[in-house]
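Could you build the full structure based on these sequences and the hints that come with them?
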Amino acid sequence: FFFFFFFQAEDGIRDAQESRGLGDVYKRQVSTQSTWDVVIENFRPSTMARLGLDYKSLSSTNLQLIYCSISSYGSSDSRAGHAINCMAKSGLLSYSGEERPALGGGLGGDISAVSFALSGILAALLRRQTDPLKRGENIEISMANTMMTKNMLALAKYQVDKAVPENGKEMVNGALACYNTYETRDGKHVALGGTEKKFWKRFCCAIGRPDIADCDHLKQGPLQAELKNIVSRQIKSKNADEWERIFNVKDCCCNIVKSLKEAIEDPYYSNNGMIETADIAGEPLKIIRTPIRMENTESVSYAEAEEVGISTEQILKEELELKEAELKELKANGVI
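Numbering (the numbering used here), first residue to last: 4 to 339.
Derived from the structure by calculation, the hints contain no laboratory data.
Hints may contain errors.
Straight-line C-alpha distance at most 27 Å; calculated DSS-like pairs for lysine-lysine [as the list claims (entries may be wrong)]:
id : residue 1 : residue 2
1  : K239      : K222
2  : K30       : K326
3  : K191      : K241
4  : K172      : K201
5  : K253      : K231
6  : K191      : K30
7  : K222      : K253
8  : K165      : K239
9  : K239      : K153
10 : K137      : K153
11 : K165      : K201
12 : K239      : K201
13 : K201      : K191
14 : K137      : K172
15 : K222      : K153
16 : K241      : K261
This is how it looks when you write it as C-alpha cells:
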C-alpha cells in the first residue's frame with residue numbers, strides 16, 4: 004500500500020484527477036461483477052462525486068456495494084490535513100511530549116485510520132451476510148476521529164479530577180520513573196515499562212537498588228524526581244549491551260531502544276517473518292509484512308515482488324477486461 008502510495012506518480016495508475024475514462028471502467032466493473040464489491044478511497048470529500056465514483060453513484064446499480072472513505076476530517080469538512088493536524092485537533096498532541104507537544108516517529112495516525120477502515124469493512128461484510136436484502140454499506144473513517152480514540156485513558160481521568168492532561172505530568176508522557184527512558188553509558192537508551200509492582204521490584208533488583216523496590220512507585224510528586232535520579236545514575240553505569248543481557252534474564256518490562264537498523268536486523272523479526280527481503284529488479288528491498296498471524300491461513304510472501312507498474316496493463320486486461328483501444332486511450336491521456 005505505502006509503496007504504491009509513494010511511487011504511483013512515477014508509474015502505474017496516476018492521480019485520479021488525471022484519470023479521464025477510467026471512472027467509466029470502474030463503474031462498469033462495480034455494477035456488473037459481484038466480486039468487485041468493495042471500494043476504498045482516500046481523496047478529499049467531493050472528489051469521488053466529481054469523478055462519478057461516489058457511493059451514491061456506484062450503489063445505484065449495486066446495492067451490495069461496500070464503500071469506505073478515509074479522509075482527515077470526514078465528509079463534513081473538506082480541509083486538507085495530515086496525522087499531525089488530526090492529533091492537534093483531537094487534543095492528543097497537547098500532552099504527547101514530556102516538555103512540549105512532540106511527534107512520534109512513525110505513521111501512527113495513518114495506520115490507525117487504515118486499521119479502523121479494515122474493521123469497518125469486515126463488519127459490513129458480516130452484516131451483509133446476515134441481511135435479508137444483502138445490502139452493502141457506506142463507511143466513513145475520519146483520521147481526526149481515530150485520533151480521538153487514543154484519548155480514552157486521559158478522558159477517563161479528566162472526568163474524575165477535571166485536570167487537563169499536561170506534558171510530563173501523566174503516566175504515559177514522563178511523569179513516572181517506572182514508565183520512562185534512561186540513557187546508558189554508551190549513549191543509548193533503555194525503555195522501562197514497570198508499572199506493575201512485580202515488574203518494578205524485579206527492575207530495582209536488576210539494577211542493584213532493591214532498597215527502592217517497595218516504595219509507592221506510582222505516586223506522583225517529589226518522590227518521582229528522586230526515583231528518576233536514582234534510576235538514571237544506575238543505568239548510566241553500564242553499556243546498553245550489558246543491560247540487555249541483564250534484562251533478558253530478569254523479565255522486568257525493560258529493554259533497549261533499538262535504532263531502525265538494529266530493529267530490522269533483530270532475529271526476532273526475521274524469525275517470525277515480520278521483515279522480509281524482496282528482490283525488486285535485482286535489488287534487495289526490506290519489506291514490513293502484516294503483523295496478523297493465522298495458523299490455518301498461509302500469509303502472502305513478497306519475496307519476488309515486481310517493479311511497480313509492471314503488471315498494470317495485464318491487470319487492466321484480465322481484471323477490468325479493457326480492450327486494446329481503451330488501453331491506448333488511457334496511455335494517451337497519461338492515466339497509465
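Now for the hints, and whether the structure bears them out:
1. About 24 Å separates the Cα atoms of K239 and K222, which keeps this hinted pair within 27 Å; it holds.
2. Distance hint between K30 and K326 is fulfilled; the C-alpha atoms sit about 16 Å from each other, no more than 27 Å.
3. Of the supplied pair hints, the one linking K191 and K241 holds, its CA atoms being roughly 10 Å apart against a limit of 27 Å.
4. A threshold of 27 Å between alpha carbons decides the hint, and for K172 with K201 the separation of about 23 Å falls inside it, so the pair holds.
5. Taking the CA atoms of K253 and K231, the gap is about 20 Å. The hint holds against a cut of 27 Å.
6. For the hint pairing K191 with K30, the CA-to-CA distance comes to about 55 Å; that exceeds 27 Å, so the pair is violated.
7. For the proposed pair K222 and K253, the alpha carbon gap of about 24 Å is at most 27 Å, so the pair holds.
8. Of the pairs offered as hints, the one joining K165 and K239 is violated, with about 38 Å between alpha carbons and a cut-off of 27 Å exceeded.
9. Under the criterion of a C-alpha separation no larger than 27 Å, the hint pairing K239 with K153 is inconsistent with the structure, at around 33 Å.
10. Among the hinted pairs, K137 with K153 is inconsistent with the structure: their alpha-carbon atoms are about 34 Å apart, more than 27 Å.
11. Distance restraint check for K165 and K201: the Cα-Cα separation of roughly 31 Å exceeds the 27 Å cut-off, and the hinted pair is therefore not satisfied.
12. Between K239 and K201 the alpha-carbon distance is near 23 Å, which keeps this suggested pair within the 27 Å criterion.
13. Straight-line distance between C-alpha atoms of K201 and K191 comes to about 26 Å, which keeps the hinted pair within the 27 Å bound.
14. Taken as a hint, the K137 and K172 pair is broken in the structure, with Cα atoms around 51 Å apart against an allowance of 27 Å.
15. Of the pairs offered as hints, the one joining K222 and K153 holds, with about 23 Å between alpha carbons and a cut-off of 27 Å not exceeded.
16. Restraint check: the Cα-Cα separation between K241 and K261 comes to about 16 Å, which is no more than 27 Å; the hinted pair holds.
The structure shown violates the earlier hints numbered 6, 8, 9, 10, 11 and 14.
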